[in-house]
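Here's the letter readout for the chains.
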Amino acid sequence: MKRSDIDVAVIGSGPAGMAAAIRAKEEGAEHVLILERQEQLGGLLHQCVHNGFGLFYFEQDLTGPEYGHRFAEKVKDLGIQVLLETMVTQISPDRQISAVNNREGVLRLKPKSIVLAMGCRERSRGQLNVPGTRPAGIFTAGTAQRFVNVEGWIPGRKVVILGSGDIGMIMARRLTLEGVEVKAVVEILPYIGGLTRNEVQCLHDFRIPLLLEHTVTEIHGQQRLEAVTIAKVNKDKKPVNDTGQMIECDTLLLSVGLIPENELSRMAGVALDPLTGGPVVDQWRETNVSGIFAGGNVVHVHDLVDDVSREAEIAGTWAARFAKKEEAEKEKKILKPGRNIRYVVPQTISAQHDVTLYARVKDMEENVTLKVGDIFSESLRVVKPGEMLKIHLSHSQLRQLKDDAVELSVEGAKRRQNG
Amino acid sequence: METEILIIGGGVLGAAVARELSRYKGDVLLVEKEVDFGWGSTKTNMCIVCQGADTLEFRPEYHRSRLIWDSIPLMEPLCQELDVPFKKVGELALIRNNEELSKFQKLKSRAEKLGLTGHQFIDQDSLRQMEPNITREAIGALYDPNIAIVDPVRLTIALIENATQNGVKVMRETEVLRISREANQFEVETNRGSVKCRFIVNAAGISVDKIARLVNSDDFVLYPIRGYVGILDKNSGGFIKHEIHMRPDAPGQMNILTPSVHGNLFFGTTMQPALRGDCSATGRIAEIGLQNVRKILPDLSEKEIIHSFAGFLMFRNWEVGWHECVVQASQKVPRFISICIGYPGVSAAPAAAREVTELLRREGLRLEKNERFVPIRKAPPVFSELPEEQQKELIARDSRYGHVVCRCETVTEGEIVEAIRHGATTLDGIKFRARPGMGRCQGGFCTPRVVKILARELGLSEEKITKKGRESRLLLYKSKELLEAQL
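In order, the protein sequence lines correspond to chains A and B.
According to the working numbering, the first sequence is numbered sequentially starting from 1.
According to the working numbering, the second sequence is numbered sequentially starting from 420.
Honestly, the hints are just simulated from the structure, not real lab data.
Being a predicted model, the structure only gives us computed values, none of them experimental.
One or more of the hints may lead you astray.
Cβ-to-Cβ under 7 Å is the rule here; a few derived chain B residues that face chain A [what the hints assert, rightly or not]: (1) PRO806; (2) GLN810; (3) ASP817; (4) SER818; (5) THR829; (6) PRO867; (7) LYS886; (8) LEU893; (9) LEU895; (10) TYR896; (11) LEU901; (12) GLN905.
All C-beta atoms in this analysis are idealised placements derived from N, C-alpha and C, irrespective of residue type, glycine included.
Put together the whole structure using the sequences plus the hints.
Rendered as structure tokens:
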């Protein structure tokens, strides 16, 4: 394949990138190329050695590496080109890609279309502004996960985990199985940040204390972490006086949120949604930059890998069609987040085709009605920020839309106090 | 061990003195208690060379003022010789009301009488053009074109490297414990053995008074002052182009926002007395920091803050709002020079180093020119800053430059290996020399990779790799080790 002939270039080879590349190839794009910064395909799946992957996509309970392997085999079978250990350093608005690797040096590529599938990264201590000293022993949960599951190192023997995101809860279980004492999972909100199934399977089943409405107020230790102070928080998430207690520990893991990784998107002039942190996309996962598509956690952070792959397949399909000059119709209606909705993806829909909407609520509420304008309503027992809402709308429902903009909202019910 | 001159402290001042002394013959040894250079007050410096208020409020009767002023013409050529970044950004001191305007007018005319030139008033329209994102409350600004930015730790390391090129010896992780005086020399006891020397330059940063007390020299009293600095994501790097100074609304605060040479923004917001060495940034200070910086950039999101830290400076007479520095030979102990600028140590370093040399001469040091002195030091390549052609050449020469290890700052394996070759032995050592982990993910992606490279290059197990030396190991156990211990 000549570098000038690439139809679809996919940036990243995690569960989004591989799914997008496979769909693009199946859709008829002849030359599909994956650019991956690591030594092998799969992105972060390698370090996710726990199960729970593929329950919907393959209707099987797989581990992360197993899930990734299935896609990687297909990538190989379909003859999709792969450049490993290749870091994309720039994408221009006219779809020119610059990348670096240690075999070819600096590469320039000009594919007909691009799928952004860079995934997400973890929020760091700096962004949290956790007060205190700067000793060794503070890691994001994902970095610790790599050390434990890929590199074979255990960071410490007494661990506190700040934040109840899924990776944090999964690491609580993983480290317990390694003989580490996990002293507590500390969550500032009145409910967990991740999935209920992880709270049950990772914390309850292993009797790991979960402290809701608490946070770390100070870090102690000059060289290696020696202790953290945790305190109860009030409704404004501010520490309550005299509730501080010191917990001796040598390691603090942070699992306090994920941020879509959109540095390259920005360079390409892709408009980002401040609510998701990812690109504003239409139903076909095309961004505002013609020919640049996006799918998976780079668009918004999903709960399940299966949804990541499914969403990226939409981007792969339409990136292939774009490369073949078959473009989707451009009629667009805007979806707006209404009451108790933090965000909704896609941000625009065509209203001519079936669509699945992904949304997150701001606050936990019980006995509510989920509404899309006046064309859809569904009663729900409970909605939680940690669990994504999926709403399937058929084209016949969508044809009833009269206005150019429609609101997604959660109505009724008494709001559960936040904090 | 014996040396003619012992320099205690490898911060920017100790390093500048070492480099200055390497122009002359004679044995010089510099000892640093940390595992790398510039890790005390130097690394918490705001990166600004001669912040405007300091030059404008120039007081010839103050020693510190003269050092800052004398350093201005020296800094740019120094950075050129040492191949470290230096960027003239200029300062805009914002004016929000007539009271501030008249205060600045007085300062400017006083400064002009003293021979400072280049300051000019900027009206609101021009200010908008120069800085479209800053607060609408500013009705104008006083512009000082002389203000520049540097990377203080890189400058320190470059000074040390150039000094060692020219014969200075350095020892790291070497802490001075006791000093005894004999007839014509000092015997300095460290954790790594004792050093006999004739002259001591005490540049121990926040411990400068403690070291002076070891020889019973108590000519000065210093007060520890804690400053708070935040770093903003490179995405907001373009929000301002100049260093921006706003008069603080409360005592003990400062309100400065500046570009860094690496494309981030730095903001500094509080300077208050605190317990020495307590570098913990409290939540309250962080909050004030954000409030203050929003007075300059009202639309700033807190999500843009990628890192924040507190640093210490030693001040004389903090109460008067203007402090004096220490660059002096002891009144009681011959051949013992102490140097401590407080703030801004980086700005004053070039002139202060010359002055220390002069003080040593007066104390009896014979200054004989080192004919082989080479002022030029070459920095290791920074891949992301090179044009594409040079990037290609570099990768062709060493393929490790084609392996990007840090996504956020585009740092390659080649640069990390080079940093280790230049003396980095820890995760933080690599971070300050080559910048992996300095970006928005704060090492989330690159930490395991850098640890691996460090272990490989140093020939150590990954368990032995530390964040910053001593007891700061990152990985305490092997997989399954804890389980086996429980059996």
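Status of the hints after comparison with the structure:
no., hint, verdict
1, PRO806, "10 Å, violated"
2, GLN810, "5 Å, holds"
3, ASP817, "9 Å, violated"
4, SER818, "4 Å, holds"
5, THR829, "6 Å, holds"
6, PRO867, "5 Å, holds"
7, LYS886, "4 Å, holds"
8, LEU893, "5 Å, holds"
9, LEU895, "5 Å, holds"
10, TYR896, "4 Å, holds"
11, LEU901, "3 Å, holds"
12, GLN905, "5 Å, holds"
The structure is inconsistent with the numbered hints 1 and 3, although it conforms to all the rest.
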